[in-house]
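*Asks:* Spelled out, the chains give:
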Amino acid sequence: MRGRLWRLAVWLFVVGFVLNLVGIVGHVVVSSFARRWFATPVPSAFTTEWYAYAWREFQLDQVLMVTLTVAGTVTAAALLLGFPAAYLLARHEFRGKGPLLLLFFLPLLVPQMTYGIPLATTLYRYRIGGTVAGVIAANLVPMLPLAIFVLLPFVEQISVNLEWAARVHGATRLQVFRRVIVPLALPGLLTAGLLVLVNTVANFELTFLLSGAGSQTLVVALYYAVFAAGMRPIYSVDAMAVIYMTIVLAMLVLALRFVRPTQMVFRLDRRD
Amino acid sequence: MRLAVLLLPSVAYLLVMFVFPFAYGVLLSLAPGARGLSLANYLAFFLDPWQARTIWVTASIAVPNTVVTVLLALIVAYSMRRGIRGERTITAALVLPIALGTVLVAEGINGFYGPKGWLNQALVGLGVPELPRLTHNYTGVMIALFVQHFPFCFLMLLGYISGIDPALEASARVLGAGAWAVFRRVMWPLIAPGVAIAGALVFVMNFGVFPSAVLVGQPAGATRTIAIAAYQQAFEHSDMSMASAIAVVMGGCQLAGLALILVLRRRMAGTGVATMGAGKR
Numbered sequence: 001m002r003g004r005l006w007r008l009a010v011w012l013f014v015v016g017f018v019l020n021l022v023g024i025v026g027h028v029v030v031s032s033f034a035r036r037w038f039a040t041p042v043p044s045a046f047t048t049e050w051y052a053y054a055w056r057e058f059q060l061d062q063v064l065m066v067t068l069t070v071a072g073t074v075t076a077a078a079l080l081l082g083f084p085a086a087y088l089l090a091r092h093e094f095r096g097k098g099p100l101l102l103l104f105f106l107p108l109l110v111p112q113m114t115y116g117i118p119l120a121t122t123l124y125r126y127r128i129g130g131t132v133a134g135v136i137a138a139n140l141v142p143m144l145p146l147a148i149f150v151l152l153p154f155v156e157q158i159s160v161n162l163e164w165a166a167r168v169h170g171a172t173r174l175q176v177f178r179r180v181i182v183p184l185a186l187p188g189l190l191t192a193g194l195l196v197l198v199n200t201v202a203n204f205e206l207t208f209l210l211s212g213a214g215s216q217t218l219v220v221a222l223y224y225a226v227f228a229a230g231m232r233p234i235y236s237v238d239a240m241a242v243i244y245m246t247i248v249l250a251m252l253v254l255a256l257r258f259v260r261p262t263q264m265v266f267r268l269d270r271r272d
Numbered sequence: 273m274r275l276a277v278l279l280l281p282s283v284a285y286l287l288v289m290f291v292f293p294f295a296y297g298v299l300l301s302l303a304p305g306a307r308g309l310s311l312a313n314y315l316a317f318f319l320d321p322w323q324a325r326t327i328w329v330t331a332s333i334a335v336p337n338t339v340v341t342v343l344l345a346l347i348v349a350y351s352m353r354r355g356i357r358g359e360r361t362i363t364a365a366l367v368l369p370i371a372l373g374t375v376l377v378a379e380g381i382n383g384f385y386g387p388k389g390w391l392n393q394a395l396v397g398l399g400v401p402e403l404p405r406l407t408h409n410y411t412g413v414m415i416a417l418f419v420q421h422f423p424f425c426f427l428m429l430l431g432y433i434s435g436i437d438p439a440l441e442a443s444a445r446v447l448g449a450g451a452w453a454v455f456r457r458v459m460w461p462l463i464a465p466g467v468a469i470a471g472a473l474v475f476v477m478n479f480g481v482f483p484s485a486v487l488v489g490q491p492a493g494a495t496r497t498i499a500i501a502a503y504q505q506a507f508e509h510s511d512m513s514m515a516s517a518i519a520v521v522m523g524g525c526q527l528a529g530l531a532l533i534l535v536l537r538r539r540m541a542g543t544g545v546a547t548m549g550a551g552k553r
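Just so you know, the protein sequences line up as chains A and B, in that order. Taking the working numbering, I'd label the letters of the first sequence as residues 1 to 272. Taking the working numbering, I'd label the letters of the second sequence as residues 273 to 553.
I should point out that these hints are in silico values taken from the structure, not numbers from a laboratory. Honestly, I wouldn't trust all of these hints.
Said to hold, decoys possible - Only some residues are given here: those of chain B computed to face chain A with a beta carbon under 8 Å:
id, residue
1, LEU286
2, GLY297
3, VAL348
4, LEU368
5, ALA371
6, GLY373
7, ALA378
8, TRP390
9, LEU487
Even for Gly, the Cβ is constructed at its ideal location relative to N, Cα and C.
Just chain B, same shape as in the assembly:
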């Protein structure tokens, strides 16, 4: 087919710049020495507590953050499915952190949530005792990730939920279902696929956290995530082979998280309800 010419440039580009580097990285991670393939890098990573710990550190940030973000986004998006006062302003404001990016948000959080920031000043002014430190630690990273990913997750779910045919809910109401029953028996089975996708994306992004963990966290200790470990290996120790191995481990963890979410979703969706009309606008 001659028209394939149209597709060729972009496919070739992604093969050369995405697929090839990925394969090259995996191969490089398996070849630390000059000769032969070995798992030495992976062994070294998992046997060194300072390195292996990063998996636990990252998971202890990514997992709770994903759960809280998705849960709150679901509650808010579900409650707003029939519109709310000032919806346009709110959604426009929520695009802000997505567009501005992690670095700017991190700098703002250091100021606003910092010990001398407006939040602490307001609380002290109200007579509340000064808060514990909120920045340059675990809490700071959690705040940064939430500020970044809540709007993302919320807008995604809002788009998804408002695409569900309102007639379904109305029929359930007419047949006598209460608010909870409508959610549990009618809406949830329709929403669950969207929640699973949103949760998967948020988890994957959380697990790759880098700028927030450095700028609002404690990159030498409590928030030394796996992305930081990979970066340090690559650019501070110039050990690209080991860095690739860490990147592969990071990708593996993200994949494992995705798989887990998909399994959970299959379990929960086993209610036998037809999912027609979901996500169609």
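Next comes chain A alone, as it looks inside the complex:
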């Protein structure tokens, strides 16, 4: 009896939490379609004109361009630099591997606000801060390790025998890499790519610290719009939020086809 009551309480808490999420997201969506909305369950009249307004006033075409450039470049660079590293880490044991893994782990562990300030200081000093290149360079710092750690288990699953077989049949190292390893690691590359993409689009702190007038991504633009609430109708801010949400959710749905939710968070289990 006590056990059942306990489970019911837990279940109610979880449902309540999910409802609260629905309320949070739902409020933004409903508000973005409201002509005006004051203290009623639903607005009295609906409109879609806030989307056009937000698109115009927040220069979303330019912001989206920057977001795509940043996310695309970061993803490509993270995979390009990260895949060889993941391959080596998965295949070989060598001295100093522990400290090296720690170096890769730290940017994921240390909060971005803590290392973002010195990083911004450095990049502004070398005049990269405030540019799109600066935003890309900064975002790559946590995204490269993320790509490596997502790729690692995928590379580990590829049997070494396949490589040896290819070598025995006269393939060069490069051929083995291109014709055997990369095709077999394609699911991993896809997963890592999608996770890096979603994370870069949604990544706030580093982008915020490094972006200037022409190099804001969508989240940062949204932050400034929410921050300056009252400058523009709240419905237009919410319309922008919905645009952002749609983009992230579309990528998330895609990513969730390949990834388990617990994997999105962190890998706690170590494979020894």
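With chain A held as given, fit chain B onto it using these hints.
*Replies:* Chain B in isolation, oriented as in the chain A frame:
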């Protein structure tokens, strides 16, 4: 070894973009003037009550929030270790705030928990007196951080707990252990390392809180956290030296929190139970 070439680009990148800026920042924080090293920045920070207060403000947000988040996540994840109705839907829904990020969640909280939001409307409709203000203050930041970090912590612990061999629990049951004894004597020693890691991560994230503290909080007063202080120093006063010093203090506090959690974990895990089978899937 020729294969080291594969590793070189990523290691070089992190050395240049992560290790070097960090070292540069520490050095810069120690060099406020043109010549020599000094602790002037740190002294100024700790002697100025308006600045030093941010440590207390941040801790009074981060510590209770971490405790509540980890505790609730542990309870829920533990109760769900053998599955629950609608588990897939629930876990998918919980990824939402993680993926959407703090800014969007903050905007939604301002609406939903706001004075004219659905929550207050529902409560008034049910005849409950109107709630005190929940947004743009301390409570708002607490709600925002909880909404953000509970799913994170829960999913992490769920993955960890469901990796524990169910046979261990079954054996304990057969030998006559009750629900509490199973938890305390069998499961807890296995779960504790995961809880410590989850708690450490949540604490570190809580201590660096920035967007929530600005958007749902009261950044000029009650929720002026240390990250806000560092940001203002860097971008409003253009004092990178002082900003770096504050960032170093922030990092130091996060490290101290981590150390504390590790010490606590060592104390609590001293039950002499073998921790085999933990976290293996």
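*Asks:* What hints, given by number in increasing order, does this structure fail?
*Replies:* Hints that this structure does not satisfy do not exist here, as all of them hold.
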